[in-house]
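Trainee: Sequences listed follow chains A and B, in order. Under this note's numbering, think of the first position of the first sequence as 3, with each following residue one higher. Under this note's numbering, think of the first position of the second sequence as 117, with each following residue one higher.
It cannot be assumed that every hint is accurate.
[To be verified] Derived lysine-lysine pairs resembling DSS-like cross-links, with alpha carbons at most 30 Å apart: (1) A:K332 / A:K301; (2) B:K338 / B:K181; (3) B:K181 / A:K301; (4) B:K237 / A:K301; (5) A:K232 / A:K110; (6) A:K301 / B:K238.
[As the list claims (entries may be wrong)] Just the calculated beta-carbon pair ranges, DEER-fashion: (7) B:D137 / A:C353: 54 to 62 Å; (8) B:D137 / A:A274: 50 to 58 Å; (9) B:Y260 / A:L361: 31 to 39 Å; (10) B:D293 / A:L22: 28 to 36 Å; (11) A:L22 / B:V297: 42 to 50 Å; (12) A:S16 / B:R325: 49 to 57 Å; (13) B:D293 / A:S16: 18 to 26 Å; (14) B:E242 / A:L22: 35 to 43 Å; (15) A:C353 / B:L313: 53 to 61 Å; (16) B:C307 / A:A274: 34 to 42 Å; (17) B:K193 / A:V41: 54 to 62 Å; (18) B:T347 / A:A274: 53 to 61 Å; (19) A:S16 / B:S197: 29 to 37 Å.
Worth flagging that the hints you see were computed from the coordinates, not collected in a lab. Note that the Cβ used here is the ideal one computed from N, Cα and C, for glycine as well.
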Amino acid sequence: MLLFKLIIKNAFRSKLRTILTILGLVIAVVAFGFLRTVVEAWYSGVEASSASRLITRNAISLVFRLPISYKEKIKQIEGVQIVSYGNWFGGVYIDPKNFFANFAVEPKSYLDLYPEYIVSEEEKIAFFRDKRGAIAGKKLIDKFGWKIGDTITLKGTIYPGEWEFVLKGIYKGRDRNIDESQFFFHWDYLNEGLKKKAPAFADQTGFYIVGVTDPRLAAIVSERIDGTFKNSLAETVTETEKAFQLSFIYMTEAILIVIQAVSLIVIIIILAVVANTMAMSVRERLAEFAVLKTIGFGKWNIILLIFGESILITTIGCFFGIILTFPAAKAFADEMSNYFPIFNVTRETICLDIAVSFLIGILAAIIPTLRAINVNIAESLTRIR
Amino acid sequence: MDRTKPIIEIRGLHKSYRRGDIFIPVLENINFDIAYGEFLALMGPSGSGKSTLLNLIAGIDKPDKGTILVEGIDITKLSESELAHWRASNVGFIFQFYNLIPVLTALENVELPLLLTNLTKKERREHAAYALRIVNLDDRMHHYPSQLSGGQQQRVAIARAFVTDPTILVADEPTGDLDRVSAEEVLELMCRLNQELRKTIIMVTHDPRAAKKARIIRHLEKGVMNAAVQTNY
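Just chain B, with the same shape it has in the complex (with noise of 0.2 Å):
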């Protein structure tokens, strides 16, 4: 694996919806690269597809025209089973209402991706068990969501994202539903995430201060990619 040469080089990305008969465009001609160990925040508001943006590069959607190369993977040549087998070892999700599965304990939902492992029942339970340390949870593990506050649950779905050790986390809105203290809580997690686990983080916030806690910020206006400004973090 080569780190001197970008994790994610995006090329001529073009991504339109259609309502009815007509074409809305969403992005426009997206061209830039994410570094290995990044740590970028995509800004903007309501309707300039970041989230778009976000779903092309964890292979959850396809572009109608461009590139996503991933450690030298065109991802938008990848049928559907390619790219869940993709996602499954390369990408870790963090959405914005957590979606844990609610009849799972906090153990089982962050052992869910380890089924589409090799491990034994014994090493997936461990890896679960070791991610929870990680976020603080280990006295929460048999909890399941219900029982748990809104903070955890994002802690709980960040174990979730990490536990299959994924090269990138994507994170879409990750405090968007979380109180000040919670919010400022699960940013920290995803800075040790990134600094400590040197995952490559990519994260959608409306939110200036989670914004700050990124290295670089992007802003996208109307599908249009504006250039990057590091933070001081």
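Bound conformation, chain A alone (with noise of 0.2 Å):
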């Protein structure tokens, strides 16, 4: 208990140093926690994304569409339960700042694939019977104040015009990692709109979502799919959702390596901070610590309290730095939802935050602590004389 009390005392002996020490600490715990919950939020669409579910697209390139003749085609395919379709609306609502996902979707089987999104009975059946319904994430609720009812107008940049829905419903995720800030209604009303303005773009589809009977064919209904519809007019793509999601996330793969290489470079340079506080402060000991060996303390002794002290100021900072990791994060992404609708501090980044810091406590700690087993007791007295 003694020698638990001394590691404290230690630890605070020089105030201001540790406190500034700790204050780093804090700093790059956020720092790490925030920039590895980015890197988390990209990846977000890949975890929310199923074994079961393929993405049927224009082979030349995902701007290109497919014809909608193809989903009855898709649905012969032996593997194949279930297929919807649908387009990227790309609408602004009032002003591009308030940007959103919206698609454009056949209602009921995208609902049967897509469990994960939560709607009430009730709102569903308004949803499918109204074509001009839509459904929006429980975010985009509470970011609008919109209400169940409410004529939501988007200004159309992909397909021209100015488009008129009624909310019917609000969908939850099931899961955390589930985005609540999209916008869905019915492809029928676009259709249906397209044939009127720009007949070119009607009855063609930008993506289908294939259901699969069993995960583990994935890969054979995908090879089916493509076979089907090669050297056609418009040959397919068909890939697990999962890669269809990493896709976009490669088109941006160098900002995740900076993030990356941020990240490695925030805890070096803690690394040296504590590292140098760590060296300081047994520098200025290192008679005390002739006088412990002198009457008796071995180099384990030694060790546990170096060793001992570094990891006391990583665990405050630490602490401290988790604690400020959540409203750091909260803040941003209460400012940022638009680009990161998931963000979301979770277990493996804080499980990694207590790793590094306990890693940097070791590592801070191992040459002080050679040099303090190795003062010369003989001459470290001669010193203090």
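Two independent chains are provided; combine them into the complex using the hints.
Mentor: Encoded structure:
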């Protein structure tokens, strides 16, 4: 107990230095946790994807559409259980800064394929019945203060004109990683509009979502779908939903690498700061370690004292850093919800914070400890004299 | 334990220090014995090797040549960890500048060496408090070193030195940093430890008044030991 008391007292001998080191650690832990959360937010779509869903798109590019007639052909393929389809609408609500994802989908099959979007039965039926009907995620509702029955107007950026929808339901995510800031409406409503406004775009869909009977058949079903449309005017590429989401991430991989590199630099900088603090602290007390060795303290006692002090400092920094990570992430998420609809500090990030802090505590103590345990007692005592 | 034999037997002790490429001899062929319960003062001018000799006897430095038998154990043959263990149970140290841990109270400083024993926390506290009572500092137990005078700090250091009940106490200029009154108190205390608790004390000092408190004075000059002088104390 006395040794632990000594560890605590030693850690705060130079209060200003220790407090500044802890402050540095707090900032580093917040920065590290924050950057990790950004990376995780980037991958949130991948995390939320299902192994039993495939995405079929035009082989040339996602920009090119596929004929709606493919739906029935895909349905006939062995291993396919359900088929839905949709278009990225890209509508703007009042101002472009109010960005949120909005899709025209075939409502029934889409909600069947995405059971993680929880909508009440009553709202679901209301949505299915009204061709102008739409559902929106809870976050979106909260953000814009919409109510059921409200008319929401989106200005088309891909499909020209102003499009009016009636809010019929609110969906909530079954899990934390489900994006609650999307907007879905009837594909038929878009298609009918296009027939009038831009007939060239009508009867085409941006992508098909295919539910397979068994996730293990995903590869084979993908091949069968793409084989069916080989040498047609619109050849297809079918991949798992995860691979489809990852293809978007690969486009921004360089940013992710930079973020991860910055995380590593933050760790290295704070390691240098803590190591410097420990080196100064031990150097100032070398004579004391010599005295402890003189009265019989062995190297393990010295190791315990120095490692204990270093780990104590990093633990305090880590603790306050973790506490501050949550409000920092929340403030960021509130501000940037358009771009990062899922921005949750995960348990893995917290565990990583703790592990990295512990590792910094260990690494920072190694050299000072070696110096202290190898101190020559006679020489150190001579210096005191 | 055969108390008719010397507690410490030193034979053919040599020690030199290296300064760059030059070896400077500090002790040359030192031979002498110290009896059980002796109070020995080692005197000599600066650089005569008296502190080096004290360090060798206390097992905190190693000689180049020679043997130091303490109660039959040749401590020059012990490894670092064996020496640490040996020091913890056989030697108490009193330094010129007290060398207390500034962030611990007097009681905690005295308790420190007891952490290396098998005593319980309660027993450790009791032993430390008892040691402080012996040095008349029971009313200062919870004071930090900075709240104590030099003489009081040295008395705490003495309590720390004998709290583990070692057979040997080594003191390096224990009064060197004290005023005359405090120095007298510290020396009286060391005499009591020698006479009442039968501790063998080896004290390095420059001060002839302090040396007179010892029973035997030995002079070192240029690394060579002169004959012992018996005091009247």
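Trainee: Against this structure, judge whether each hint is valid.
Mentor: Structure-based check of each hint:
About 46 Å separates the Cα atoms of K332 (chain A) and K301 (chain A), which puts this hinted pair outside 30 Å; it is violated. Pair hint K338 (chain B) plus K181 (chain B) holds up; C-alpha atoms about 17 Å apart against a cutoff of 30 Å. Using a Cα cut-off of 30 Å, the hinted pair K181 (chain B) and K301 (chain A) holds, with the two alpha carbons roughly 26 Å apart. In summary, the hint linking K237 (chain B) to K301 (chain A) is supported, as the alpha carbons are separated by about 22 Å, within the 30 Å threshold.
The suggested pairing of K232 (chain A) with K110 (chain A) holds, with an alpha-carbon distance near 29 Å, which does not exceed 30 Å. Our distance criterion of 30 Å between C-alpha atoms is met by K301 (chain A) and K238 (chain B), whose separation comes to about 26 Å. As the Cβ distance of D137 (chain B) to C353 (chain A) is approximately 56 Å, the hint placing it in 54 to 62 Å holds. In this structure the hint that D137 (chain B) and A274 (chain A) lie 50 to 58 Å apart at CB is violated, the actual value being about 37 Å.
About 35 Å separates the C-beta atoms of Y260 (chain B) and L361 (chain A), a value consistent with the hinted range of 31 to 39 Å. Here the CB-CB span from D293 (chain B) to L22 (chain A) is close to 34 Å, well matched to the stated 28 to 36 Å. Distance hint for L22 (chain A) and V297 (chain B): a CB-CB separation of about 44 Å, consistent with the stated range 42 to 50 Å. Between S16 (chain A) and R325 (chain B) the beta carbon distance is about 40 Å. The supplied range of 49 to 57 Å is therefore violated.
Separation of D293 (chain B) from S16 (chain A) is about 25 Å and conforms to the stated range, judged on CB atoms against 18 to 26 Å. Evaluation of the 35 to 43 Å hint for E242 (chain B) and L22 (chain A) yields a pass: the beta carbon distance comes to about 41 Å. Between C353 (chain A) and L313 (chain B) the Cβ separation comes to about 56 Å, which falls inside the hinted range of 53 to 61 Å. The supplied range of 34 to 42 Å is broken by C307 (chain B) and A274 (chain A), whose beta-carbon atoms lie about 54 Å from each other.
A hinted range of 54 to 62 Å holds for the C-beta pair K193 (chain B) and V41 (chain A), which are about 60 Å apart. At about 59 Å, the beta-carbon gap between T347 (chain B) and A274 (chain A) stays in the expected band of 53 to 61 Å. Restraint check, S16 (chain A) to S197 (chain B): a C-beta distance of roughly 31 Å satisfies the suggested window 29 to 37 Å.
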